[in-house]
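A.B. asks: Protein chains in written order, with numbering that gives the first Met the number 0: chain P, 0 to 500; chain L, 0 to 498; chain A, 0 to 97.
Label-pair distances were calculated between CB atoms; the ranges are:
#1 A:S59 <-> P:Q363: 49 to 55 Å
#2 P:G148 <-> A:K42: 47 to 53 Å
#3 L:K55 <-> A:V66: 33 to 39 Å
Hint data in this document are derived by calculation from the structure and do not stem from the laboratory. In this text, a Cβ means the ideal position worked out from N, Cα and C, and glycines have one as well.
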Amino acid sequence: MAKEQLMDYQKALETYEVVIGLEVHVELNTNTKMFCGCANVFGDEPNTNVCPNCLGFPGAMPAVNGKAIENSIKIGLALDCEIAATGRFARKNYFYPDLAKNFQTSQYDEPIAFEGKIDIEGPSGKVFTVDIERAHMEEDAGKLTHVGGSTGRIQGAEYSLVDFNRAGVPLVEIVTKPIYGAGDEAPELAAAYVRSIREIVKNLGVSDARMERGNVRCDANVSIRPKGQEKLGTRTETKNVNSLRSIEKAVKYEIQRQAHLLSQGTAIIQETRHWHEDRGATSSGRPKSDADDYRYFPEPDLVPIQPSKEWIEQLRATLPEKPAIRRKRLQELWGFSELEFRDVVNSDLLDEIDDTVKAGATPQAARKWWTGEIARIANSEDKEISEMPITPKQVAEIAGLIDSGKLTDRLAREVLTGVLAGEGDPAEIVSKRGLEVVSDDGALLEAIDKVLAEQPDVLEKIREGKLQAAGAVIGAVMKAMGGSADAARVRELVIQRASGE
Amino acid sequence: MSLISRPASELAAMLQSKEISSVELTSQQLANIDKLNPKINSYLTVTHEIALAQAKQVDELRAKGEKLSALAGIPIAVKDNLTTIAIETTAGSKILKGWIPPYNATVVEKILANRMPILGKTNMDEFAMGSSTENSAYGPSLNPWDLSRTPGGSGGGSSSAVSSMQAPIAIGSDTGGSIRFPAAVTGTVGVKPTYGAVSRYGLIALGSSLDQIGPVARNVMDAAMLQDAIAGHDDMDATSLPESLGSMTEAAKNDSVKGLKIGIIKELTGEGFQAGVSERFQEALDLLVAAGAEVVEVSCPSFQYAIAAYYLIQPAEASSNLARFDSVRFGLRVMPEGPATVEKVMAATREAGFGPEVKRRIILGTYALSSGYYDAYYGSAQKVRTLIQVDLAKAFEKADVLVSPTAPTTAFKLGEKQEDPLAMYLNDIATIPANLAGIPGMSLPVGLAKEDNLPVGIQFLAPAREDATLYKVGAVLEKLLENKWTKSMMDFAPELKVN
Amino acid sequence: MSEITPELVRHLAGLARIEVTDAEVAQFASQLAVIVDSVATVKAAVGSEIQATSHPIPMSNVFREDVVRPSLTQKQALSGAADSDSGRFKVSAILDED
Numbered sequence: 000m001a002k003e004q005l006m007d008y009q010k011a012l013e014t015y016e017v018v019i020g021l022e023v024h025v026e027l028n029t030n031t032k033m034f035c036g037c038a039n040v041f042g043d044e045p046n047t048n049v050c051p052n053c054l055g056f057p058g059a060m061p062a063v064n065g066k067a068i069e070n071s072i073k074i075g076l077a078l079d080c081e082i083a084a085t086g087r088f089a090r091k092n093y094f095y096p097d098l099a100k101n102f103q104t105s106q107y108d109e110p111i112a113f114e115g116k117i118d119i120e121g122p123s124g125k126v127f128t129v130d131i132e133r134a135h136m137e138e139d140a141g142k143l144t145h146v147g148g149s150t151g152r153i154q155g156a157e158y159s160l161v162d163f164n165r166a167g168v169p170l171v172e173i174v175t176k177p178i179y180g181a182g183d184e185a186p187e188l189a190a191a192y193v194r195s196i197r198e199i200v201k202n203l204g205v206s207d208a209r210m211e212r213g214n215v216r217c218d219a220n221v222s223i224r225p226k227g228q229e230k231l232g233t234r235t236e237t238k239n240v241n242s243l244r245s246i247e248k249a250v251k252y253e254i255q256r257q258a259h260l261l262s263q264g265t266a267i268i269q270e271t272r273h274w275h276e277d278r279g280a281t282s283s284g285r286p287k288s289d290a291d292d293y294r295y296f297p298e299p300d301l302v303p304i305q306p307s308k309e310w311i312e313q314l315r316a317t318l319p320e321k322p323a324i325r326r327k328r329l330q331e332l333w334g335f336s337e338l339e340f341r342d343v344v345n346s347d348l349l350d351e352i353d354d355t356v357k358a359g360a361t362p363q364a365a366r367k368w369w370t371g372e373i374a375r376i377a378n379s380e381d382k383e384i385s386e387m388p389i390t391p392k393q394v395a396e397i398a399g400l401i402d403s404g405k406l407t408d409r410l411a412r413e414v415l416t417g418v419l420a421g422e423g424d425p426a427e428i429v430s431k432r433g434l435e436v437v438s439d440d441g442a443l444l445e446a447i448d449k450v451l452a453e454q455p456d457v458l459e460k461i462r463e464g465k466l467q468a469a470g471a472v473i474g475a476v477m478k479a480m481g482g483s484a485d486a487a488r489v490r491e492l493v494i495q496r497a498s499g500e
Numbered sequence: 000m001s002l003i004s005r006p007a008s009e010l011a012a013m014l015q016s017k018e019i020s021s022v023e024l025t026s027q028q029l030a031n032i033d034k035l036n037p038k039i040n041s042y043l044t045v046t047h048e049i050a051l052a053q054a055k056q057v058d059e060l061r062a063k064g065e066k067l068s069a070l071a072g073i074p075i076a077v078k079d080n081l082t083t084i085a086i087e088t089t090a091g092s093k094i095l096k097g098w099i100p101p102y103n104a105t106v107v108e109k110i111l112a113n114r115m116p117i118l119g120k121t122n123m124d125e126f127a128m129g130s131s132t133e134n135s136a137y138g139p140s141l142n143p144w145d146l147s148r149t150p151g152g153s154g155g156g157s158s159s160a161v162s163s164m165q166a167p168i169a170i171g172s173d174t175g176g177s178i179r180f181p182a183a184v185t186g187t188v189g190v191k192p193t194y195g196a197v198s199r200y201g202l203i204a205l206g207s208s209l210d211q212i213g214p215v216a217r218n219v220m221d222a223a224m225l226q227d228a229i230a231g232h233d234d235m236d237a238t239s240l241p242e243s244l245g246s247m248t249e250a251a252k253n254d255s256v257k258g259l260k261i262g263i264i265k266e267l268t269g270e271g272f273q274a275g276v277s278e279r280f281q282e283a284l285d286l287l288v289a290a291g292a293e294v295v296e297v298s299c300p301s302f303q304y305a306i307a308a309y310y311l312i313q314p315a316e317a318s319s320n321l322a323r324f325d326s327v328r329f330g331l332r333v334m335p336e337g338p339a340t341v342e343k344v345m346a347a348t349r350e351a352g353f354g355p356e357v358k359r360r361i362i363l364g365t366y367a368l369s370s371g372y373y374d375a376y377y378g379s380a381q382k383v384r385t386l387i388q389v390d391l392a393k394a395f396e397k398a399d400v401l402v403s404p405t406a407p408t409t410a411f412k413l414g415e416k417q418e419d420p421l422a423m424y425l426n427d428i429a430t431i432p433a434n435l436a437g438i439p440g441m442s443l444p445v446g447l448a449k450e451d452n453l454p455v456g457i458q459f460l461a462p463a464r465e466d467a468t469l470y471k472v473g474a475v476l477e478k479l480l481e482n483k484w485t486k487s488m489m490d491f492a493p494e495l496k497v498n
Numbered sequence: 000m001s002e003i004t005p006e007l008v009r010h011l012a013g014l015a016r017i018e019v020t021d022a023e024v025a026q027f028a029s030q031l032a033v034i035v036d037s038v039a040t041v042k043a044a045v046g047s048e049i050q051a052t053s054h055p056i057p058m059s060n061v062f063r064e065d066v067v068r069p070s071l072t073q074k075q076a077l078s079g080a081a082d083s084d085s086g087r088f089k090v091s092a093i094l095d096e097d
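Just chain P, with the same shape it has in the complex (with noise of 0.2 Å):
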């Protein structure tokens, strides 16, 4: 495939202007799926979590998932939208081999919840309101694995595998309005719209909210338009963008393909793209055209959902507070900086730091662990950091660890490659690696009068006043003891030594 040409990414926002809309597809995670009572859970051996309704065999019916419903109306109430006085499913008619009904019942006219909005901000902190068309509710489709061929993509297969554990599986589609005027931040702004998505459905407690398996996916629809210009430029969409750093990533790209085609006086073609991570690129799907008639009536064997005020009072009642009042209170309780604060939130750290201190760490301790060594960790080896194997509770674990004089920093970080490891609890790769402290004087002292037998004259210099002297001391009582000592308590035995206790 050749390689697309790309506009320097200033020179294209300076030429245009770039509008993007966003639709987020959330996974619930009810015990059940949406139209029978399957189980909804995910990596079980293929079509074991199925039925006749899942499978579309003749004859089967859906019957609606209240919880599902319920949790709908909390999205829709978390992203300050109305809820529908009425809202019905409808059939959405196409065919494709991992939708077994041929039709996907979803809804058309009648959504849940519409017209809402979410405070988003970006990274320079300036605050954008990005306004909410609807949240719907559909079924997920099955999961197709292609066989034969290269690497797995549909292009080329022999043949492909259809194994439909996910299909009815609750989804909520939730759908922007174009959001215009986000200029050079509109990467981010996406990512940080998605990322606020998903720290309100986890809130929720709705969706396990989980970007590599799939709970959040995102299409992107991006267009642009020369400055001055008023009619909309021709939008791309590109299809499941599963990661916050791809969805930044698949944004810049489309701003800086789409106004290179421009430049040329090329037209951009209405489509679906693909994001590719491994080439860091989106390429051509299927195009918009006519044959897209799905044919949209209401679900004839499902009836209106029309939930009353008193219910969705009750529901509303129950909403956790907005992440914007949340970050709020949150960077106020940790009394971190402005920069501190955004560089959490910007690396999508916020719960895990919040859960961290909720285990016993203090904020700045969680800080340090969360962004520091574990972000190097996954960066190195290129994951989210959510895809990290450690918990909140370890980290808080290791901070406890050092604060009670057990570890040093050095030994920690040992640790914490061993968690990641998988190797267990911290205290339990303490004591499988003995990388304790050693907290004994009597060890530390045999080591502290050997170095010093060795370089007499620090102790005189100590005497003196000359408090540095003793570092030479501590580094060698360090390196003697393997690390594995505390490095203030060496200190403070070593000028105990010199004044002559």
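Assemble chains L and A onto chain P, guided by the hints.
C.D. replies: Same frame as chain P, now just chains L and A:
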């Protein structure tokens, strides 16, 4: 008199008193099927072993003194669009040939819970699209009253089975008249209950907002007992009524129509109806009036749009319901010529697996829903439903039940309308409004048309949820007619000559 | 004059994933033309003020408890499939991307 020509209600009493056994009855029934079915083609599948095993079991339970349901031990025929575990289910289509469902329809579960031996699966127009069974991929069923004629459709398998003593009772499904029209032309009783009275779970859908399962029987009491056995709320069907509609069996014990107001639907009488049909219809009304009922005329002007609305809504819903027949998870798979892609396999399978009427309706339904046409066609048709409901509500202010002939004519000849889909559609003029409005309807035999000696049916319609009214008036009229004839409808039936 | 042209029949058959022969297209076009002319009467029957009825018996809020019910076994799920492989339904190569 052999057992098999007796009504189910009598047989049930004989089983309860242990005068006969279910094995005895079921064996006789199967023997008659073996004799007649090769000619009449009522059954697509006959389940000898299953029926006899179930009969044996119910006899054993009865011998042990277990409490059994009213119809326990009565064998039954099931239309082939209801899913049955371990029994091939085709809905009359080639695309499902050989399909053994891994689950039972709720109605089938209820039949099993009532311990009724299942004799087999009955023939039908492919996916219930048709009024004659000529659209079955497995050949038409024949009308036992005249083997050159249709037993009606789509449920001609069930109607011909019940009228030729191949089953005492049967399950049908009615989307636009598929229980009532076959009943009318075979001299049997057929009821379409209120939409939602009987669970549709496991019914292979045609028009989901129109479909309803109901009983086919040789008299009103049998139909009532069967409706009681299969009705009731089901949380697998979101459109299933939450409340019970009461006992139809009790309603069928009614013996008076004094003061009952019967509304004759102006638009469904007179012109366009065969003379012999109108004559029998009038005679039935006269009997009811003589018994104390009052007749009023009502008008439902929007009925003129009923067929048009129906032939938009039903194909539209069917086009979506039948999309699942794509060769991936069940049913036929046909490989295309040349390199196979899944798209081509699907298209080739649907081309080969669906008959012409099914394709016609899928294309029509796709059109009715397609962008740019939705409002004019599907949208307008759904509004016609509202008009029909309004007309009916007004009519039911004046009358307790509405009446019309069930069909404009007696059974037509096989092949007569096959080349003219529209003429076939017009046949459903009297039955369709009940499906569009969701109200219950019953077809009851009222004798033979003078000109052709073929059965004529009267249709009663009642307001939604008032199915009992149908059984009340039906039971009285049936008795009045039998008193007049001094025999039952089935006693008019000619001896079946089969080789 | 009917809107049902052979081209439209082909387009609709494509949407409905049915391969059609030229003979079928011609036949369906002429038959559907008659039917469509006949059913088009509904357009004149109704005004914009009339509500559509999509469910004959009005009901709302029919929900199920979020409690797991037994699923089919993998064997049952695949029992009717034309082809399967390692617990999954097997289909020919997919041409269109979703």
